[in-house]
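Since the structure of chain A is already known, use the hints to place chain B on it.
Note that the protein sequences, when read in sequence, are chains A and B.
One point on numbering: in the UniProt record's numbering, the residue at position 48 of the first sequence is 48, and numbering is uninterrupted.
One point on numbering: in the UniProt record's numbering, the residue at position 85 of the second sequence is 85, and numbering is uninterrupted.
These are computed hints drawn from the structure, not numbers from a lab.
Just so it is clear, CB atoms sit at the ideal spot from N, CA and C, and this is done for glycine as well.
Don't take every hint at face value.
[Claimed, not checked] Anything over 12 Å on all C-beta distances counts as not near chain B; from chain A, calculated:
id, residue
1, 219
2, 228
3, 588
4, 591
5, 625
[Unchecked claim] Simulated coverage check for chain B against chain A, where a stretch passes if three residues somewhere in it have a Cβ under 8 Å from a Cβ of chain A:
id, stretch
6, 2–12
7, 284–297
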Amino acid sequence: VCFIPGGLDCSISFVSHVLGKVCAHGRQKEILGVLVPRLTDLSRSDCIWQRICWQLVERVPDRWMEAVVLGFVQRAPGADVLSRLLGNVVVKNKKAEFVVTQKMLLLQYGHTTAVLQNLLGYLSLDSPRRTLLLRVLQELLETWSSSSAVKHSPAEQQLYISKAILICLSHLKEPEVESCRQELLTSMMEGVKCHLDSSLPQLRRLGMVVAESISLKINTEGPVLKFEYEEDDEIRELKSLLVQTPSFCVVSSLPDDDRSEKAGAALPLVPESNEESHTAAPVMPEEESDTELDSDDDFIPYDMSEDKELKVKAPVYIRDCIEVLTGSRSEDVDKWEATVKALESLVRKNPTATKEVSVELAKILLHLEEKTYIEGFVELRQRTQVAVLTTDPIPVAKYLTSQFYSLNYSLRQRMDILDVLVLAAQELSHPKFHGKTKHSGSQKPCIQLLPGSDSSEGWRRIVDERIKSKTRRFDRAQSRAELASHPNEFNSVAGYFFFPLIQHFDRPLTTFDLLGEDHLVLGRLVHTLAILMYLAVNTVAVTAMGKALLEFVWALRFHTDSYVRQGLLSCISSLLLSVPVERILADMTEELLETHSWLGDVVEKDPDGDCRRLALQNLLLMENLKKKLEAVPS
Amino acid sequence: MALPPPDPQFVLRGTSAAVHALRFSCGGPEPDIPLLFSGSENGFIHVWNLKTHRVDTTLDGHGRKSVYCVETMGAKDRLLSQGRDQRICLWDLAEGRTSVTDSVFTEHVGFCRCSLFKVAQGRWLMATAATSLEEVQILELPSKTSVCTLKPEVGAKLGMPMCLKLWQLRCGSQPVLLAGYEDGSVVLWNVSMGKALSQLVCHQEPVMSLDFDSEKAKGISGSSEKVLSIWSLNEQQNLQVYKTHELVNAGISDITIRPDKKILATAGWDHRIRIFGWKKLKPLAVLDYHTATVHCVSFSDHSDPQERLLAAGSKDQRISVWSIYAQT
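For reference, chain A alone in the conformation it holds in the complex (with noise of 0.2 Å):
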């Protein structure tokens, strides 16, 4: 039934229907650009062009239900006019609730989040709808705590779903919360485990703030959860998600009224006031001092310029160190502190006595606590470590690395071990860039160096290999300028910093499995042999490098975690960038069609977006090694 002013009797169903075809054929653009706001206007204060409105969604037939809902959801200004124009589509069809409950929200996620706003505000905007919004909720919490899908779905539609889940909160009322807040705690322990499994940062910093924001709502008095991340843009718009501007609905939703309570709790300190205490006005009485007969121009000052600070002074000698860093005495902080410091440049100004202790320090600096507080302890460990690596590469790395893989080590040293070797590394590799190893003021230098640098240089690489092929040579001259060389140090130990690590991976200790839990660590020791691989270009051993880590690449690619898979492809690329074109081809022939059937797989099917990017890298580099061969004249 449906009337039109002026008492003409017709039907809707012939619009809907041709509204809806035209939607389907993927005209929605058009038509619904017209009528949405056409439509919104005439509903805003005319219920009779509601009802027709919500006569001509509903009277569309199933087929061509989605495309028009969708249009609609996506095009309409508000939550408040979908409200209007779409009415209780949702709740009568139910195409319309598939579409809008499921498959806008766990099944597609590259819509904007303007749209789900106007989605779930709309759900909450009327009571029958409000059930929807619940179960939606439900369905998003399960979906978010899921260790499967936080390990396989790719970074966007995670962040897609912690969007939806964050307006969701936003819209419950407190019965309601009151009535699923059991269902949410669990959820909220489940998936905040999940997320802080997971190696990529992005993840983590996601479930830790849909978790504070579920804990937020759940416990409105009393401690809540709070972690310590690092805010960037992506966080803080998720977090202004959780408030809500109040638009005419009539009950202002809860996070406002939240934030009020709070502000004003704020207790004013009282302010202890004591009438007769002062605050430190000088006061200068210069008449004084000038009539007054000045008799301390009788006493004659001594020589005072041997009056400087105290300093407590360093060793001067490498074993003096050693001692004080080893010994028991624990009241001689000042000193230990000084030590602490000026180790690093003792170090590198006495190599031969370095030398002769080289191990012992190495021990020493690894099992280093912070004693007494220092400003960028950690830093000033490292650099040490990094120094005393450098003068006495031999002994020490094969120190390092049999301790990387030994018992009762903390994850962190491990680590630190890593980091260690790739500095290292890079600064017998580059000698004259001694001094410009990363700078203080980054507490963990080597995170920015593992996974950027090999993507980046990549790209370089090939943007210069492209160019080099597109260019035809007449001559063979120097096409540019070489830079001054110097003698490639890292090529007599290049082998004592790689092959111990590659060798354990696969046996298992009873404090560290690499393999298993500690993927975390398996991702950062994949992503340092990328490196050590990539310094290592020009020297002896790079073909036998290149061999092995072929075979461990091979083990490892069908590895769950993402950051591990990101490390293996950038293990590839540095492989082709260092060994020379000849080797690869002589010795790996077959490793390498493999590899390339396997990148091909990559590109399609990984849900990472980062490893497919570097798959297609690799295939690029395999691609212009490919036209090079092929360039040079047999």
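For chain B alone, coordinates are given in the frame of chain A:
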């Protein structure tokens, strides 16, 4: 061309423990021997003969607990000492005796040195930190009666009293007390009425020591930070900061103004003794002899100005005695 700082005139060794307190007694006429009393961490009070530079007597009255304050009461036969055994002992040293005539159990577990002030012949007022955390009690000696207890008001949060000085504005007027507290403030108390007259925040860290010149109504305080603070008392009995002086190294254990009010000495945690002119706090000398924190400094009370000495006791178990600026 400034001269290098002088060396100590002599150094007294033999205490076998860190020296925490020093007091001269050289005012007597000849043939009295000038003496120096020192209190050590091992609980002994040594009486040094300044002619022979040896220990004449050793007093053991504090149960081997550190003695951190030593005061003479008039003549050199009467001595007062305060130790970490929570007791203040009064000694009678006449005619070679070494006995404790009386003792006061203060129950004070801190390090605040007591302050003595003579009100009349044979009658003394003594200010000492009391049992309760923030209080100072005034006792009359030798009767040991309590004159009053000075309590800061509730919520003042001054902390423990760290150093005390009793003095009198003019002869015959009421004695007043200057107390330096743990929160860095100095409070002027009226002893007879038991209430605070003025409070001044001089330091950010605890006031370790203070001294006051009653003639000029100016005082100086040192703390564990790098700043010396000089403050004055105006006619309304209010304390105001006059000036501050920044030191090279942080930490002052003791400050004392010479009896002629011309120079003052500070004992520093950086092992150095610094001499300043009192008028304008002009730095005059830095005496660098000790190898550990200097705990106490004291000027002698010689009647002949030429013989005046300065003694400093340190954690390195030695007492250095200096003759500096003795000519004027």
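Hints and how they fare:
1. The Cβ of residue 219/A lies farther than 12 Å from every Cβ of chain B, with a closest approach of about 34 Å, so its non-interface assignment holds.
2. Remark: the non-interface label on residue 228/A is consistent with the geometry, its nearest Cβ contact in chain B lying 30 Å away (cut-off 12 Å).
3. The Cβ of residue 588/A lies farther than 12 Å from every Cβ of chain B, with a closest approach of about 66 Å, so its non-interface assignment holds.
4. Annotated as non-interface, residue 591/A keeps its C-beta farther than 12 Å from every C-beta of chain B; the closest such distance is 67 Å.
5. Annotated as non-interface, residue 625/A keeps its C-beta farther than 12 Å from every C-beta of chain B; the closest such distance is 66 Å.
6. By the rule of at least three residues with a Cβ nearer than 8 Å to a Cβ of chain A, the coverage given for the stretch 2–12 of chain B holds, with 5 such residues.
7. Only when three residues or more bring their CB closer than 8 Å to a CB of chain A does the claim for the stretch 284–297 of chain B stand; here the count is 4, and the claim holds.
Going down the numbered hints, you'll see the structure goes against none, and every one checks out.
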